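Participant: Chain residues, written in single-letter form:
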Amino acid sequence: MMAVEGVVKRFGAHTVLDGVSLTVAPGEVVTILGSSGSGKSTLIRCINGLEALDGGRITVDGLDVSDPRQLARARRLSATVFQMFNLYPHMTVLRNITLAPELVLRRPRDEVEAQAHALLASVGLAGKADSYPGQLSGGQRQRVGICRALAMNPRYLLLDEVTSALDPEMTAEVLAILGKLAARQSGGGGTTMLFVTHEVEFARRISTRIVFLDQGRLIVDLPTDQFFAADGGLAHPRIRQFLSKMAPAAPLAEIPA
Amino acid sequence: MPFDLTVLTPHLDTLLAGALLTAEVCALGIVGAFTLATALGLLAVGRGWAGRLARLYVDVFRNVPFVVQVFFLFYGLPEVGVYIDAFWTGVLALGLVGGAYGSDVVRSGILAIEPGVVEAAKVSGLSRLAIIRRVVLPIALRTAIRPLGSVFVNLVLSSSILSMITLDEVTGTARGVASETYRPFEVYAFLLAAYAGLTYAVSLGIDALHRRLNRHMAENGAAPGATHGVMGRTA
Ligand SMILES: Nc1ncnc2c1ncn2[C@@H]1O[C@H](COP(=O)(O)OP(=O)(O)O)[C@@H](O)[C@H]1O
Ligand SMILES: [Mg+2]
Numbered sequence: 001m002m003a004v005e006g007v008v009k010r011f012g013a014h015t016v017l018d019g020v021s022l023t024v025a026p027g028e029v030v031t032i033l034g035s036s037g038s039g040k041s042t043l044i045r046c047i048n049g050l051e052a053l054d055g056g057r058i059t060v061d062g063l064d065v066s067d068p069r070q071l072a073r074a075r076r077l078s079a080t081v082f083q084m085f086n087l088y089p090h091m092t093v094l095r096n097i098t099l100a101p102e103l104v105l106r107r108p109r110d111e112v113e114a115q116a117h118a119l120l121a122s123v124g125l126a127g128k129a130d131s132y133p134g135q136l137s138g139g140q141r142q143r144v145g146i147c148r149a150l151a152m153n154p155r156y157l158l159l160d161e162v163t164s165a166l167d168p169e170m171t172a173e174v175l176a177i178l179g180k181l182a183a184r185q186s187g188g189g190g191t192t193m194l195f196v197t198h199e200v201e202f203a204r205r206i207s208t209r210i211v212f213l214d215q216g217r218l219i220v221d222l223p224t225d226q227f228f229a230a231d232g233g234l235a236h237p238r239i240r241q242f243l244s245k246m247a248p249a250a251p252l253a254e255i256p257a
Numbered sequence: 001m002p003f004d005l006t007v008l009t010p011h012l013d014t015l016l017a018g019a020l021l022t023a024e025v026c027a028l029g030i031v032g033a034f035t036l037a038t039a040l041g042l043l044a045v046g047r048g049w050a051g052r053l054a055r056l057y058v059d060v061f062r063n064v065p066f067v068v069q070v071f072f073l074f075y076g077l078p079e080v081g082v083y084i085d086a087f088w089t090g091v092l093a094l095g096l097v098g099g100a101y102g103s104d105v106v107r108s109g110i111l112a113i114e115p116g117v118v119e120a121a122k123v124s125g126l127s128r129l130a131i132i133r134r135v136v137l138p139i140a141l142r143t144a145i146r147p148l149g150s151v152f153v154n155l156v157l158s159s160s161i162l163s164m165i166t167l168d169e170v171t172g173t174a175r176g177v178a179s180e181t182y183r184p185f186e187v188y189a190f191l192l193a194a195y196a197g198l199t200y201a202v203s204l205g206i207d208a209l210h211r212r213l214n215r216h217m218a219e220n221g222a223a224p225g226a227t228h229g230v231m232g233r234t235a
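Protein sequence lines correspond, in order, to chains A and B. If you count the first sequence from 1, position 20 lands on 20 in the UniProt record's numbering, and the numbers rise without skipping. If you count the second sequence from 1, position 15 lands on 15 in the UniProt record's numbering, and the numbers rise without skipping.
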């Protein structure tokens with residue numbers, strides 16, 4: 001379980017997260033929605049220990065991420081996929097994927113490489129193991145980013161706007177992969193996901209729960225169907241406003257004016 | 001007198017020994033400079049006292065003439081009981097000054113790294129040391145290696161000053177042979193060629209390292225930037 005309890009984060013005088021609480025239980029796919037600047041990335045960065053907290057507590061399976069020793073252990077339980085991919089530019093695709101499993105989890109090289117090849121094949125990149133990130137398209141790079149995260153066999157997967165830097169076609173490629181990953185959840189035992197996205201329709205399809213961040217406050221935390229119900233999430237003007245901006249055309253019809 | 005290299009024949013052994021000594025002192029000095037540049041460059045990025053100290057070191061060594069540093073090490077230190085022979089004084093001096101100049105280069109290479117790449121390494125649980133060794137340095141050095149090469153070439157040139165502390169390196173040897181033979185033209189032509197050869201060897205080494213560190217960019221003639229351009233859609 002990932003537990004965020006009353007987290008406060010400030011940058012100077014600016015309070016970016018203002019008492020955010022959220023739990024993600026194993027097997028869940030939780031989507032964070034919220035307009036740009038609402039603090040979604042900062043929340044993810046607090047969970048994976050890239051930002052120090054100014055208040056509150058975050059634990060991953062009981063490990064407090066504010067404690068360096070516990071953070072090191074927590075980081076073996078979760079993996080992050082980034083908006084800008086953040087692949088290691090000087091390493092082959094294969095090495096990008098095998099580096100941490102080998103060095104951090106101390107798994108044997110052959111085993112990790114076999115898994116990496118299998119992961120690459122599963123995302124349609126079987127032939128790219130020896131390429132460098134610079135030789136790949138954005139969509140391909142992000143698929144490598146997903147493989148790199150999955151090779152850690154993480155219990156928790158953090159994804160921060162992983163398709164925002166991609167064009168619609170590449171977005172579709174990547175979402176298809178994430179959709180499959182999320183579908184595996186229902187069987188249990190798979191990867192739990194905390195997902196920041198602007199792809200509202202996609203979030204609606206794969207999430208078990210949706211939370212809404214508004215100016216650093218988590219104003220709604222509901223099961224997906226209730227989030228989109230007129231007397232649920234849509235009862236909030238901020239959310240209605242957000243959804244009407246985010247999801248043009250089709251979804252609008254379902255949103256009561 | 002016509003240009004006649006055969007006048008050097010009786011002194012060739014001495015001259016070559018000098019060139020060899022220069023090569024040795026420079027090779028060791030470059031190794032030291034590279035090590036120190038890397039360590040100082042890493043430290044200088046930090047905001048704490050270690051970073052300030054590293055930057056202070058760099059300022060001090062860059063703002064004192066090389067010959068003064070050499071004299072201080074060779075003639076000054078014995079006054080306080082520290083004796084280092086001419087050869088190792090040379091290695092030390094070249095390492096110290098090369099480390100100062102080189103650390104600035106390494107530091108800017110580190111600062112130019114995409115922060116997200118290092119963050120990816122952090123969240124994957126890699127230790128600080130592993131991040132430095134596997135991610136930060138290889139990326140920083142691929143841009144830093146050429147300017148580091150210039151620093152190393154300059155070290156070879158500066159090493160001529162070491163003749164002033166009784167080291168029988170090639171410049172000092174050549175001066176001796178020139179005054180003995182009264183054939184400065186041939187002798188200094190040899191000296192020119194010797195330095196050109198040494199610095200060329202340094203450049204070749206740097207080129208090889210540069211190719212190796214940048215192998216991911218050269219393949220198919222397509223740099224990452226070019227891929228961006230072709231795809232025209234990645235951010
Ligand atoms: N390192 C930082 N320093 C200062 N302000 C920051 C920093 N990171 C984020 N912010 C600010 O925090 C707010 C939330 O940012 P972010 O978490 O990136 O929002 P989101 O991901 O929801 O778009 C924004 O106003 C942003 O400008
Ligand atoms: Mg963001």
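What the hints contain is simulated information worked out from the structure, not anything from laboratory work. One or more of the hints may lead you astray.
Computed from the model, here is a short list of chain A residues facing chain B with C-beta under 8 angstroms [unchecked claim]:
#, residue
1, Arg76
2, Asn86
3, Gly134
Straight-line distance between alpha carbons at most 20 angstroms, and here's what the computed SDA-like set of lysine to any residue pairs gives [as the list claims (entries may be wrong)]:
#, chain 1, residue 1, chain 2, residue 2
4, B, Lys122, A, Leu22
5, B, Lys122, A, Glu102
6, B, Lys122, A, Leu94
Keep in mind that this is a model prediction, so the values were computed, not measured. For glycine and all other residues, C-beta sits at the position ideal for the given N, C-alpha and C.
Participant: None of the hints should be skipped; say for each whether it holds.
Facilitator: Hints, verified against the model:
| no. | hint | in the structure |
| --- | --- | --- |
| 1 | Arg76 | holds (5 angstroms) |
| 2 | Asn86 | holds (4 angstroms) |
| 3 | Gly134 | holds (3 angstroms) |
| 4 | Lys122/B / Leu22/A | violated (24 angstroms) |
| 5 | Lys122/B / Glu102/A | holds (15 angstroms) |
| 6 | Lys122/B / Leu94/A | holds (19 angstroms) |
Violated hint for the displayed structure: number 4, the only one.
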